[in-house]
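Undergrad: Now for the letters of each chain:
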Amino acid sequence: AQRVTQPEKLLSVFKGAPVELKCNYSYSGSPELFWYVQYSRQRLQLLLRHISRESIKGFTADLNKGETSFHLKKPFAQEEDSAMYYCALSVAYNTDKLIFGTGTRLQVFP
Amino acid sequence: DTAVSQTPKYLVTQMGNDKSIKCEQNLGHDTMYWYKQDSKKFLKIMFSYNNKELIINETVPNRFSPKSPDKAHLNLHINSLELGDSAVYFCASSQGNSVQHFGDGTRLSIL
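Protein sequence lines, in the order shown, are assigned to chains B and D.
Quick note on numbering: the first sequence equals residues 24 to 133 in my numbering.
Quick note on numbering: the second sequence equals residues 144 to 254 in my numbering.
Hints may be right or wrong, so weigh each one.
Computed cross-link-like contacts, DMTMM-like style, restricted to lysine to aspartate or glutamate with a CA-CA straight-line distance of at most 25 Å [to be verified]:
1. D:K179 to D:D228
2. D:K210 to B:E103
3. D:K183 to B:E77
4. D:K183 to D:E201
5. D:K184 to B:E103
6. B:K32 to D:D181
7. D:K210 to D:E225
8. B:K88 to B:E31
9. D:K162 to D:E225
10. D:K214 to B:E31
11. B:K96 to B:E55
12. D:K184 to D:E201
13. B:K32 to D:D228
14. D:K179 to B:E55
15. D:K184 to B:E102
16. D:K183 to B:E103
17. D:K184 to B:E43
18. B:K45 to B:E103
19. D:K183 to D:D213
20. D:K210 to B:D85
21. B:K32 to D:D247
22. D:K183 to B:D104
23. D:K184 to D:D213
24. D:K210 to B:E31
25. D:K187 to B:E43
26. B:K80 to D:D247
27. D:K152 to D:D181
28. B:K38 to B:D85
29. D:K165 to B:E55
30. B:K45 to D:D181
31. D:K195 to D:D173
32. D:K179 to B:D85
33. D:K187 to B:E55
34. D:K214 to B:E43
Here are some chain D residues the structure puts well away from chain B; computed CB gaps all over 10 Å [unchecked claim]:
35. L154
36. S163
37. N169
38. T202
39. S208
40. S211
Calculated directly from the structure, the hints in this document are not laboratory data.
It should be emphasised that the depicted structure is a prediction, and the values quoted were computed from it without experimental measurement.
Idealized CB from N, CA, C, for every residue including glycine.
Turn these sequences into a full structure, and let the hints guide you.
TA: Structure, rendered in structure tokens:
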């Protein structure tokens, strides 16, 4: 069965520290991976997707098929990065269905 | 504004009541979804419609009935509300490329 695992419920760092939010997936086919972000009391919005291979708000994520991971990284965290981050998997045979991880709350302290 | 909009934003009601949440998107997308986000922030898909046809129906009690009058609307009707239905319900839409656009959410509180 397809599954997305985000092992950390909460990640707390100080401003300027590096951040890595972990995401592992379980899927035997060709996955499409996403990171969605939800700022306090706001809607979920797409942060980035692996096929775009771009950096958004200083965040990057590389798909590692060998380790089945799609960790989200930022070298220097900012206070405004504090939010819930969800990793999501789209499977090839049902391209519009997203399977979300349980989310990681990132807290960036001043 | 092009967006996914859902109403109401807040819904407070008593156990046993029947309520509806409406969702509309003006993005021209063919597919719409309902998600439930529980108190632990776990986000799980409930339903998905493509061009008014049900394509995803996760294990949701049949007290929940989605209705799609046209591809721009996907409403969620809930009968006999229970305490466990308290959650934030998100509507979303997409157009074949997996990127989903979400509404602001409806916070449902059951007394």
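Undergrad: Please verify whether B:K80 and D:D247 have alpha carbons no more than 25 Å apart.
TA: Given that 25 Å is the threshold and the Cα spacing comes to 21 Å, the pair holds.
Undergrad: Decide if the proposed pair is consistent with the structure: D:K184 and D:D213, CA atoms, cutoff 25 Å inclusive.
TA: violated (30 Å)
Undergrad: Within a Cα-Cα threshold of 25 Å, do D:K183 and D:D213 meet the stated pairing?
TA: Cα-Cα ~33 Å, so violated.
Undergrad: Does D:L154 really sit off the interface, with its C-beta more than 10 Å from all C-beta atoms of chain B?
TA: Given a closest Cβ separation of 16 Å, the condition holds.
Undergrad: For the pair supplied as a hint, D:K210 and B:E31, is the alpha-carbon distance within the 25 Å limit?
TA: Not satisfied, since the Cα-Cα distance of roughly 36 Å exceeds 25 Å.
Undergrad: Taken at face value, is the distance from the CA of D:D228 to the CA of B:K32 at most 25 Å?
TA: Holds, because 23 Å separates the two Cα atoms, which is no more than 25 Å.
Undergrad: Can you confirm whether the C-alpha distance between D:K183 and D:E201 stays at or below 25 Å?
TA: holds (19 Å)
Undergrad: Taking only the CA atoms, is the gap from D:K183 to B:E103 under or equal to 25 Å?
TA: The given pair, whose Cα atoms are some 22 Å apart, holds under the 25 Å limit.
Undergrad: Taken at face value, is the distance from the CA of B:D104 to the CA of D:K183 at most 25 Å?
TA: holds (20 Å)
Undergrad: Take a quick look at whether D:K179 and B:E55 sit within 25 Å of each other, Cα to Cα.
TA: Since the Cα atoms of D:K179 and B:E55 sit roughly 22 Å apart, the hinted pair holds (cutoff 25 Å).
Undergrad: Please verify whether D:K184 and B:E103 have alpha carbons no more than 25 Å apart.
TA: Status holds; Cα separation ~19 Å.
Undergrad: Given the hint that B:K96 pairs with B:E55, test it: the Cα-Cα distance must not exceed 25 Å.
TA: holds (18 Å)
The structure fails hints 2, 3, 10, 19, 20, 23, 24, 29, 32, 34 (numbered hints given earlier, in ascending order).
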